[in-house]
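Just need the whole structure built from these sequences, with the hints factored in.
What follows is the residue order along each chain.
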Amino acid sequence: MSKQLTLKNISVAYGQNTIVQNISFELDEGQICCLLGPSGCGKTTLLRAIAGFETPTLGEISIRKHIVSTPDKVLAPENRQIGMVFQDFALFPHLDLEANIRFGLDKKMSDTEQHQRCNELLNLVGLSGSNKKYPHQLSGGQQQRIALARALAPKPDILLLDEPFSSLDVELRGQLAREVRDILKQQNITAILVTHDQNEAFAMADCVGLIYQGELVQWDSPYNLYHKPMTRFVANFIGHGVFIPGEYIGDQKINTDLGIIQGPVPEQCKVGCKLDLLIRPDDIIHDDDSHIKLEIIERLFRGSDFLYTLSIASGRNVLCIASSHHNHSLHEKIGIKLDVDHLVMFPQINHDNTAAIQP
Amino acid sequence: MSDIQPQQTTTPRSLSLNARLNRWHLLVLLIAFICAVPVLTVFSYVFQPAGEVWQHLTETVLSDYVVNSLILMIGVSFGTLTMGISCAWLTSVYKFPGRKLFQWLLLLPMALPAYIIAYTYTGMMDFTGPIQSSLRELFGWSYGDYWFPEIRSIWGATSMLSLVLYPYVYLLARAAFLEQSIVALEASRSLGAGPWKSFFQVALPMARPAIITGLSLVLMETLADYGTVQYFGISTFTTGIFRTWFGLNDSAAAAQLSSLLLVFVLILITLERISRKQARYFSTSNREKKHARLTLSKNKAWLATLACLMPVLWGFFLPFLQLTQWAFETYEDMVDREFFVLAWNSLSLAGSAAILALLLALLLAYGQRLQNTRFIYIAVRVASMGYAIPATVIAVGIMLPLAWIDNTLDSWLRSQFDVSSGLLLSGTLFALMFAYMIRFLAVSVGTVEAALGKIKHSMDDAARSLGLSPKQVLLQIHMPLMRRSLLTAILLVFVDVLKELPATLILRPFNFNTLAVRAYELASDERLADASSAALSIVIAGIIPVILLSRSINKQKT
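From first to last, the protein sequence lines stand for chains A and B. Residue numbering for the first sequence follows my numbering, starting at 666 and increasing by one per position. Residue numbering for the second sequence follows my numbering, starting at 17 and increasing by one per position.
Read the hints as simulated data drawn from the structure, not as lab findings. Values in this document were obtained by computation on a predicted structure and should not be read as measured data. Please note: incorrect hints may appear among the correct ones.
Here chain B is said to cover these stretches of chain A; the calculated rule only asks that three of the stretch's residues, wherever they fall, bring their Cβ under 8 Å from a Cβ of chain B [what the hints assert, rightly or not]:
| hint | region |
| --- | --- |
| 1 | 856-869 |
| 2 | 890-902 |
| 3 | 927-934 |
With a Cα cut of at most 20 Å, we get these calculated DMTMM-like pairs of lysine to aspartate or glutamate [what the hints assert, rightly or not]:
| hint | chain 1 | residue 1 | chain 2 | residue 2 |
| --- | --- | --- | --- | --- |
| 4 | A | LYS668 | A | ASP871 |
| 5 | A | LYS850 | A | GLU785 |
| 6 | B | LYS487 | A | ASP771 |
| 7 | A | LYS772 | A | ASP753 |
| 8 | B | LYS472 | A | ASP753 |
| 9 | B | LYS472 | A | GLU743 |
| 10 | A | LYS935 | A | GLU912 |
| 11 | A | LYS820 | B | ASP477 |
| 12 | A | LYS935 | A | ASP953 |
| 13 | A | LYS673 | A | ASP753 |
| 14 | A | LYS893 | A | GLU932 |
| 15 | B | LYS487 | A | ASP947 |
| 16 | B | LYS472 | A | GLU932 |
| 17 | A | LYS998 | A | ASP952 |
| 18 | A | LYS998 | A | ASP953 |
| 19 | A | LYS1002 | A | ASP970 |
| 20 | A | LYS850 | A | GLU694 |
| 21 | A | LYS730 | A | ASP822 |
| 22 | A | LYS1002 | A | GLU912 |
| 23 | A | LYS738 | B | ASP477 |
| 24 | B | LYS111 | B | GLU202 |
| 25 | B | LYS470 | A | ASP753 |
| 26 | A | LYS850 | A | ASP871 |
| 27 | B | LYS472 | A | ASP761 |
| 28 | A | LYS850 | A | ASP822 |
| 29 | A | LYS998 | A | GLU932 |
| 30 | A | LYS738 | A | GLU725 |
Here are a few chain B residues that sit away from chain A, every Cβ distance over 10 Å (derived from the structure) [as the list claims (entries may be wrong)]:
| hint | residue |
| --- | --- |
| 31 | GLU75 |
| 32 | LEU97 |
| 33 | ILE167 |
| 34 | LEU194 |
| 35 | LEU497 |
| 36 | ASN529 |
| 37 | VAL533 |
| 38 | ILE556 |
C-beta atoms are modelled at their ideal positions from N, C-alpha and C, and glycine is treated no differently.
So, in structure tokens, the structure goes:
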């Protein structure tokens, strides 16, 4: 597969203020990747650097093996075959939908060809026949689809999506994210999506780059990001989870407040070494027969299930998802058992960037 | 001058130090530099050794200039604040007959240039004028039986300027009163303060920054006025500069006087900037609150109507009627071929100045949008600083460098080729257009900046990502989206140029005349009635921006 996009050691700074630092990754043709991170982490700046709106202070960006950005020379956005979908859609209010979609088409194309391409795209996004409507006559979701159609019309090498669903209703987001993914996959489009919403990232992306304080913390598949976080920050940011303290007692066994947990413990951990174990809600299973009983200190009914917060001896809390039938009251003690598939553990120092101990 | 819209003061988006010098960047800097030339020229004379004329001036008339200018400023402040604030308060808080109408009628006096209202009143209050004649008829008096105020005095000039300038205070105070959360007033009433106490202790202090902004604009116009004070024979800075330049033929002394006047102006600019900043801090909410207007008792309601009627009546309707009457009497003689030549001169001059100002404003505002560095921001502010600088000063600041260029070129050509180039720049329409640009660029820059500010940056990015160059984005996205504001910018500058007097008087080419200059000349020759056709044309054109303003006021849904 050919490399569609390559970033090498990209940094962007405004004056003394470094926004993104030393970021490298590659994208294959047809891959959809997501830049995920809390607001202000630099992910949008990175996307704008790929689009050509920002100049990197270090590093280089290539699209299809052509260098497009270096600190000295930046190919203007209009000359780099990218498509972009904006958070506020940025449809041109003075133009009808057809004119919006045809806006980026090659002026050398004949009128009939342009019209045809426009209809193709309207059809693709499920809005055929709306050629003469104006943006203000559309709902948010429809505007989003037109924004996508407009960006796809000139057949860009890469599609960039900047928080494309954040101005839509929560219910609409998931549905549209799936639709957009289907369209992109069907057209074999290489795309980068920027979002702060991990559900959106997981629904859309083949790979996710987690960005924190301007640095790329982990570039991985959504599955690995959840189950094999490289740092404490990743473990905290992705999904729910708590750390419980534990001590290695040898023989691949770790003693914790929840009893002894068995699993592969890395070699660098000697007997007696202190560890923090990541426990996800799905690692704890409600079992009335279990001898481990914990007190419920918070209960959240979520329809199909309950999310219980349970108190453990060391004063920490763990989360447990129980089916909707297991209705227990507050302060009741319920039995749980552990079902830890793969252990994620960190040495006991409180620092976000502490690397995980790899088994 | 119609710099009423609060200026958009966008803070720079990024302070990228490695911002490249591109074409837009250079263009903005160039325009800013050229616009700064007259002011820099005038200021450079502060450090010139004082000549004989300057010494003569300081010993004799300079104190008059300062004292008269100060008296005018104090008097006009008092007049405009009283009329502006009371009418703004009444129309924004109370219900009374004609309130909706007065909201925009109160703006009408802006249509009258001060020099026109001055000579209209001179005619009206003359011994043979309508007021004294009817008084004599009514009471059977004859000459010498009664005392009548002399309009051609500093008090007359104060009244004339107050009558046409109070709308600045009115507009800004009114916007501030409407912006105030009604909750603040209701809280004050609920705490036992009556309407008067609420006004003085809550509403007025909250509106203070806006009112000061309006007042500083009024005072800039007062200092800049030439036509009124000259006509009434009052010695101020502007008449002094004129006299020193043309009477005593001393350009250096004129420039030194100008630089002294600029010190006054700089104080006003600083005052305006500070109060605009405060106004943002003082404004309680961005949302326009729906005001439940207070009801007045029947008598008080009619008093309110009367209070709002007075400024409009004296500031617009009476002089307008007088001008119309004179025009009817004299138009057969006055509206001849020459009149149409004058009208064409005025229209083409104003039209081309308006379009040129729009083009420059587009370059500046869009250049700033493309590269919003602190440096560019300051350059744009410098380029649009001329609204505060008296036209007389601008004229002096333009004449000096242009004459220098002309003379240098001419003597070089004479010595090298024995030909004379004559006056290429000074004394041509170029000099005049240059002065208009400096004086009125702020009007079009303000309008274009406000309109551009409403277009989201993602529009630019979207168009760029779809293959448009920055220039194409301006032409295909921004200009169609802003077309209404662009038209407004053209109209505002057009009318301002049409009304402009002192710079035109100084810089116009030999034998080139406009309606404003002709009206002024006829009035100076005591041919008041004959001046009315030209004056009335200017006033009617001046109503256009008032209509535009009143439309934007109505849009605020009050």
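Structure-based check of all given hints:
1. 856-869: violated (count 0)
2. 890-902: As far as the region 890-902 of chain A goes, the hint is violated, because 0 residues have Cβ atoms under 8 Å from chain B.
3. 927-934: violated (count 0)
4. A:LYS668 / A:ASP871: holds (15 Å)
5. A:LYS850 / A:GLU785: Measuring from Cα to Cα gives roughly 16 Å; hence the hint holds.
6. B:LYS487 / A:ASP771: Given pair LYS487 (chain B), ASP771 (chain A) holds - Cα atoms ~18 Å apart, limit 20 Å.
7. A:LYS772 / A:ASP753: violated (26 Å)
8. B:LYS472 / A:ASP753: holds (9 Å)
9. B:LYS472 / A:GLU743: holds (18 Å)
10. A:LYS935 / A:GLU912: holds (10 Å)
11. A:LYS820 / B:ASP477: Measuring from Cα to Cα gives roughly 18 Å; hence the hint holds.
12. A:LYS935 / A:ASP953: Judged against 20 Å, a Cα distance of about 35 Å means the pair is violated.
13. A:LYS673 / A:ASP753: violated (30 Å)
14. A:LYS893 / A:GLU932: Between LYS893 (chain A) and GLU932 (chain A) the Cα gap is close to 18 Å, so the pair holds against 20 Å.
15. B:LYS487 / A:ASP947: Given pair LYS487 (chain B), ASP947 (chain A) is violated - Cα atoms ~56 Å apart, limit 20 Å.
16. B:LYS472 / A:GLU932: Judged against 20 Å, a Cα distance of about 56 Å means the pair is violated.
17. A:LYS998 / A:ASP952: Holds - the C-alpha atoms of ASP952 (chain A) and LYS998 (chain A) are around 11 Å apart, at most 20 Å.
18. A:LYS998 / A:ASP953: Between LYS998 (chain A) and ASP953 (chain A) the Cα gap is close to 10 Å, so the pair holds against 20 Å.
19. A:LYS1002 / A:ASP970: holds (17 Å)
20. A:LYS850 / A:GLU694: Holds, because 11 Å separates the two Cα atoms, which is no more than 20 Å.
21. A:LYS730 / A:ASP822: holds (12 Å)
22. A:LYS1002 / A:GLU912: holds (19 Å)
23. A:LYS738 / B:ASP477: OK: LYS738 (chain A) and ASP477 (chain B) at ~19 Å, within 20 Å.
24. B:LYS111 / B:GLU202: holds (17 Å)
25. B:LYS470 / A:ASP753: It holds: about 14 Å lies between the C-alpha atoms, which stays within 20 Å.
26. A:LYS850 / A:ASP871: With a Cα-Cα distance of about 11 Å, the restraint between LYS850 (chain A) and ASP871 (chain A) holds, given a limit of 20 Å.
27. B:LYS472 / A:ASP761: Given pair LYS472 (chain B), ASP761 (chain A) holds - Cα atoms ~18 Å apart, limit 20 Å.
28. A:LYS850 / A:ASP822: Measuring from Cα to Cα gives roughly 14 Å; hence the hint holds.
29. A:LYS998 / A:GLU932: Between LYS998 (chain A) and GLU932 (chain A) the Cα gap is close to 37 Å, so the pair fails against 20 Å, i.e. violated.
30. A:LYS738 / A:GLU725: holds (10 Å)
31. GLU75: It holds; GLU75 (chain B) is separated from chain A by about 55 Å at its closest Cβ, greater than 10 Å.
32. LEU97: Given a closest Cβ separation of 42 Å, the condition holds.
33. ILE167: For ILE167 (chain B), whose nearest Cβ neighbour in chain A is about 53 Å away, the distance exceeds 10 Å, so it holds.
34. LEU194: Non-interface label stands for LEU194 (chain B): nearest chain A Cβ at 28 Å, farther than 10 Å.
35. LEU497: Given a closest Cβ separation of 6 Å, the condition is violated.
36. ASN529: holds (43 Å)
37. VAL533: holds (42 Å)
38. ILE556: For ILE556 (chain B), whose nearest Cβ neighbour in chain A is about 33 Å away, the distance exceeds 10 Å, so it holds.
Comparing the model with each numbered hint stated earlier shows that hints 1, 2, 3, 7, 12, 13, 15, 16, 29 and 35 do not hold.
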